[in-house]
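A.B. asks: Here are the chains, one letter per residue:
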Amino acid sequence: MMNAAAPGPLPGAVRSRRDSVLRVLLPVFTLVAGALVWEAVVRVKAIPPYVLPAPSLVLATLVSDGAILWSSLLATLATTFQGLALALVGGVGLALLFSRSRLVEYSLYPYAVILQVTPVIAIAPLLLVYLPQHAAVLACAWIVAFFPVLANTTLGLASVDRNLIELFRLYGATRSQILFTLKLPAALPHMLGGLRIAGGLALIGAVVAEIAAGSAGAGSGLAYRIAEAGYRLNIPRMFAALLLLSVTGVVIFALLSALSRFLLRRWHESELAPGA
Amino acid sequence: MQSENPAVALCGIGKVFESGVVALDRLDFNVGRREFVSVLGPSGCGKSTALRIIAGLAAPTSGEVVWTEGAAPARRIGFVFQEPTLMPWANVAANVRLPLKLAGMSARDAAPAVAAALARVGLADMAGAYPRELSGGMKMRVSIARALVTQPQFLLLDEPFAALDEITRFRLNDDLLGVWQTMGGTVVFVTHSVFESVFLSSRIVVMTPRPGRIYDEMLIDAPYPRDDAFRTSAAYAAYCRQVSGILHAAMSAEAAP
Ligand SMILES: Nc1ncnc2c1ncn2[C@@H]1O[C@H](COP(=O)(O)OP(=O)(O)O)[C@@H](O)[C@H]1O
Ligand SMILES: [Mg+2]
Numbered sequence: 001m002m003n004a005a006a007p008g009p010l011p012g013a014v015r016s017r018r019d020s021v022l023r024v025l026l027p028v029f030t031l032v033a034g035a036l037v038w039e040a041v042v043r044v045k046a047i048p049p050y051v052l053p054a055p056s057l058v059l060a061t062l063v064s065d066g067a068i069l070w071s072s073l074l075a076t077l078a079t080t081f082q083g084l085a086l087a088l089v090g091g092v093g094l095a096l097l098f099s100r101s102r103l104v105e106y107s108l109y110p111y112a113v114i115l116q117v118t119p120v121i122a123i124a125p126l127l128l129v130y131l132p133q134h135a136a137v138l139a140c141a142w143i144v145a146f147f148p149v150l151a152n153t154t155l156g157l158a159s160v161d162r163n164l165i166e167l168f169r170l171y172g173a174t175r176s177q178i179l180f181t182l183k184l185p186a187a188l189p190h191m192l193g194g195l196r197i198a199g200g201l202a203l204i205g206a207v208v209a210e211i212a213a214g215s216a217g218a219g220s221g222l223a224y225r226i227a228e229a230g231y232r233l234n235i236p237r238m239f240a241a242l243l244l245l246s247v248t249g250v251v252i253f254a255l256l257s258a259l260s261r262f263l264l265r266r267w268h269e270s271e272l273a274p275g276a
Numbered sequence: 001m002q003s004e005n006p007a008v009a010l011c012g013i014g015k016v017f018e019s020g021v022v023a024l025d026r027l028d029f030n031v032g033r034r035e036f037v038s039v040l041g042p043s044g045c046g047k048s049t050a051l052r053i054i055a056g057l058a059a060p061t062s063g064e065v066v067w068t069e070g071a072a073p074a075r076r077i078g079f080v081f082q083e084p085t086l087m088p089w090a091n092v093a094a095n096v097r098l099p100l101k102l103a104g105m106s107a108r109d110a111a112p113a114v115a116a117a118l119a120r121v122g123l124a125d126m127a128g129a130y131p132r133e134l135s136g137g138m139k140m141r142v143s144i145a146r147a148l149v150t151q152p153q154f155l156l157l158d159e160p161f162a163a164l165d166e167i168t169r170f171r172l173n174d175d176l177l178g179v180w181q182t183m184g185g186t187v188v189f190v191t192h193s194v195f196e197s198v199f200l201s202s203r204i205v206v207m208t209p210r211p212g213r214i215y216d217e218m219l220i221d222a223p224y225p226r227d228d229a230f231r232t233s234a235a236y237a238a239y240c241r242q243v244s245g246i247l248h249a250a251m252s253a254e255a256a257p
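Taken in sequence, the protein lines are chains V and C.
Under our numbering, the residue at position 131 of the first sequence is numbered 131, and the numbers go up by one with no gaps.
Under our numbering, the residue at position 31 of the second sequence is numbered 31, and the numbers go up by one with no gaps.
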């Protein structure tokens, strides 16, 4: 449809370069325009900061409360990455177990699904009753993050080329050779796809648990700062913490995408010329 | 007729799948030492099943595979699938090295054999390339090099060139004959192409449609090495006509009760 409106067909290379520039510039433009409108509305209508702080005030708060927000960010990041690491180990481990034994898979898989579909916000308070706070927060991050790793790794393990498996058998491969030389590498792209989703989810799990812990806990994560600032009607700090959280989410996603690209560069996204 | 000196004999092989499909029914044939035998038949007649049974990848429901020199250790068989079946995460050298690696050989010890196998298929300078970077024909060469790296006495190929364009197929046919003559072993080549089987084989066995069994067989008495001159010769055309005739007769043959 867009092509029909264009004056003439652009050469593919030029169009794709223009495309990728637009893909960066347009969201930045949207952001700046939105912030300017927001700033203008707040100033013209003289909205008090405890109702809606101007973007400039949010940025200023980010600087003035920098120390406390930074240490909270580090705490949330630590939980997120611990939860993610556990999700990776747990998800891949369960997937391997399932691929080994149908009985185990049939016995456990429905509960993995139930754990996944039950809203974590409803599980968090219970976990906080039974577990020390840090463990409960970690458990929440794990619960939401392990499933995509499990599901994707299972898919990856099941999609191993049948002929390759036969080839390994023909040459008398042991079970562990089949696992480490064939199945795990073959499942890697799926596994990394799952991990990329899990990164964002681990952050969500950590935040949900910190919010649920609320004033009861002695927590110091970013979400706890949001809850705390909410009680004190420190709205600018809420916005500043929220901004940090979403930037964190984006950075985690970008990091995991980069990791995935790095590990698969020769295999899936190879742009290298044949080694002539 | 055929092999006075059989290396492997299929004796009354039957294969019934769990689905109830009878793929093979009393399949009998021998393969002689240093023969190049093509197994020719229509799609679905059980050629792959028969080859997998010879390789030990599948067990027959009835009958047996008899190796005259006793059991066939894995390293004496090289198998080439219809698809290249390469590991996309490993480069060409690592793919070719796989059979030796699985046998516990270190990369260093395997290097000379890998280099020799790659040279034999004309890919000596591609060791570091990844499968994605190769054409279909090159991938197939890597697959053949991998089958050759253990210096097998038996090379089993399951329609390896079916997916390639004709020019590439001709070149690989030529190269395969070269490989066969230098390896001094036995080749069992599954195909549905009359032309390919006549060009390559010293003997062709023709199978009936499902359930597969041997309908007839034919010696191709032309001398090796065979080249483009053979491909355009009257003898070649005559053989092709004859084999086509047998294949057509086989297609309409009802499986004997
Ligand atoms: N694993 C299997 N389970 C059930 N049926 C199979 C299986 N493998 C092959 N078959 C059936 O057996 C018949 C012979 O198959 P195959 O040996 O692959 O034939 P060809 O290689 O000659 O095309 C076909 O009808 C096919 O559908
Ligand atoms: Mg087949």
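For the record, the hints were derived by calculation from the structure and aren't laboratory data.
Cβ coordinates follow ideal geometry from the N, Cα and C atoms, glycine included.
Do not rely on the hints blindly, as some may be mistaken.
[Stated by the list, open to error] SDA-like, lysine to any residue: derived pairs with alpha carbons at most 20 angstroms apart:
id	chain 1	residue 1	chain 2	residue 2
1	C	K101	V	G34
2	C	K101	C	A116
3	C	K101	C	G63
4	C	K101	V	R169
5	C	K101	V	K45
6	V	K45	V	G34
[Claimed, not checked] Chain C side only, calculated, beta carbon under 8 angstroms to chain V, not exhaustive:
id	residue
7	A55
8	L57
9	F79
10	M87
11	S106
12	A119
13	W180
[What the hints assert, rightly or not] So the derived label-pair ranges between C-beta atoms look like this:
id	chain 1	residue 1	chain 2	residue 2	range
14	V	L74	C	G122	50 to 60 angstroms
15	V	T174	C	A162	31 to 41 angstroms
16	V	F81	C	G178	54 to 64 angstroms
17	C	S43	V	D161	13 to 23 angstroms
18	C	M251	V	R169	26 to 36 angstroms
19	V	R15	C	A163	49 to 59 angstroms
20	C	A111	V	V32	53 to 63 angstroms
21	V	D161	C	V21	19 to 29 angstroms
22	V	P119	C	G56	44 to 54 angstroms
23	C	V21	V	N163	40 to 50 angstroms
24	C	A163	V	L259	52 to 62 angstroms
25	V	F81	C	M105	36 to 46 angstroms
26	V	R18	C	R171	34 to 44 angstroms
A.B. asks: Of the numbered hints stated earlier in the document, which are not met by this structure?
C.D. replies: Going through the list in order, the structure violates hints 1, 3, 5, 11, 12, 13, 19, 23, 24 and respects the others.
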